[in-house]
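In terms of our numbering, the sequence shown opens at residue 211 and continues consecutively.
Any given hint could turn out to be false.
As the list claims (entries may be wrong) - Below, in silico cross-link-like pairs of lysine-lysine (DSS-like), each with a Cα-Cα straight-line distance of 25 Å or less: (1) K497 with K414; (2) K497 with K309; (3) K434 with K370; (4) K293 with K497; (5) K508 with K497; (6) K317 with K271; (7) K317 with K255; (8) K293 with K317; (9) K434 with K293; (10) K271 with K255.
Note that these hints are calculated values from the structure, not bench results.
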Amino acid sequence: MTIPSSATVAVIGAGSVGASVCASLLQDGCARQILLIDVNDDLCKGQAMDLADGNFVTDSKIRQGTWVEAAASSIIVITAGAKQKPQETRNQLLERNSKIINDICDKLMPISSTTIVLIVSNPVEVMSGIFQHISGLPANRVIGSGTYLDSMRFRDAIAKRVSIAASSVHAYVVGEHGELQVPLISSAMICGVPVLNFPELDDKVLGEIAAETPRRAYDIIALKGSTYYGIAMSVLRMCNSIIGDRHQVFCNSVLSQEFETYLSLPCVIGRMGVVQILPASFSQAEKEGLKIAADAIKQRIDYLKTLFSVITK
211 MTIPSSATVA VIGAGSVGAS VCASLLQDGC ARQILLIDVN DDLCKGQAMD LADGNFVTDS
271 KIRQGTWVEA AASSIIVITA GAKQKPQETR NQLLERNSKI INDICDKLMP ISSTTIVLIV
331 SNPVEVMSGI FQHISGLPAN RVIGSGTYLD SMRFRDAIAK RVSIAASSVH AYVVGEHGEL
391 QVPLISSAMI CGVPVLNFPE LDDKVLGEIA AETPRRAYDI IALKGSTYYG IAMSVLRMCN
451 SIIGDRHQVF CNSVLSQEFE TYLSLPCVIG RMGVVQILPA SFSQAEKEGL KIAADAIKQR
511 IDYLKTLFSV ITK
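Whole structure, please, built from the sequences with the hints as guidance.
Dropping the structure here:
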């Protein structure tokens, strides 16, 4: 579909993730205007200037924006948050980042009735749930980046074991973008053939793949301090699907009616946000893992509801 020329994406957070998201958006050209916002005024100005200097390919423009402008944009991408330290779990980021999300939400309100909010800050399922509760926005308009990147890592690991292109692998990781993620091995396919039918992918190998997928981020953090390129390119694809109303499928953090909490599940994303949560097939073990993840996420969100008096049940 034709990309609307008026599309504006506001990126909250001018750190490594936010700047990488802006760079990806600029190079792609899906948005006519990109607004960068950060509490660190000098960093924000410098990043916007540097990025503007490097845009030779598309007609997209980037500049420092205001909270009022962000609230009226097509998409708000929230990347701001405390940096994850080596060996620090995403859950240890919970309280620090929830306070940042609360402050951002206060600055953005009121948000336009057509704006889609895309949460990237970790723990992403919890932060998505907290933002939706504080803002009062319809759940279809508050989406977390979720386990989409985990799903891509999962597919890549499967593809390498059988020497085939990752684009030919259809497999998803659901639940939590973290320790409680659930790789859906039972429904994973390679060109319509179940991965369980491949002799190279026996139980031992699939177990190794399931273990290495969530470990990938920690390996990168241990080597370079943080991850940002992979998630930035993932966010670009999500923005493209929203702006172009492409109805592509992602494993995003969405509000599940069944589990009564935000959870990463396969869903269709378009201009109005979450168009549909797809019915997925689970083995018994996968169902149990998903329930454990959902219960843990709900418990954390409930805890934060008591932490912030502005959040009501």
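Going through the hints against the structure:
1. For the hint pairing K497 with K414, the CA-to-CA distance comes to about 21 Å; that is within 25 Å, so the pair holds.
2. With a C-alpha separation of about 32 Å, the suggested pair K497 and K309 falls outside the 25 Å cut-off, and the hint is violated.
3. Distance check on the hinted pair: K434 and K370 sit about 24 Å apart at the alpha-carbon level, within 25 Å; holds.
4. Straight-line distance between C-alpha atoms of K293 and K497 comes to about 32 Å, which puts the hinted pair past the 25 Å bound.
5. Restraint check: the Cα-Cα separation between K508 and K497 comes to about 16 Å, which is no more than 25 Å; the hinted pair holds.
6. Simply put, K317 and K271 have alpha-carbon atoms about 24 Å apart, close enough for the 25 Å limit, and the pair holds.
7. A C-alpha spacing of about 19 Å is found between K317 and K255, which places the hinted pair at or below 25 Å, so the restraint holds.
8. Restraint check for K293 and K317: the C-alpha separation of about 21 Å stays at or below 25 Å, so the hint holds.
9. A distance of roughly 12 Å separates the Cα atoms of K434 and K293; the hinted pair therefore holds under the 25 Å criterion.
10. For the suggested pair K271 and K255, the alpha carbons sit about 14 Å apart, so the restraint of at most 25 Å is met.
Checked against the numbered hints above, the structure violates hints 2 and 4; every other hint is satisfied.
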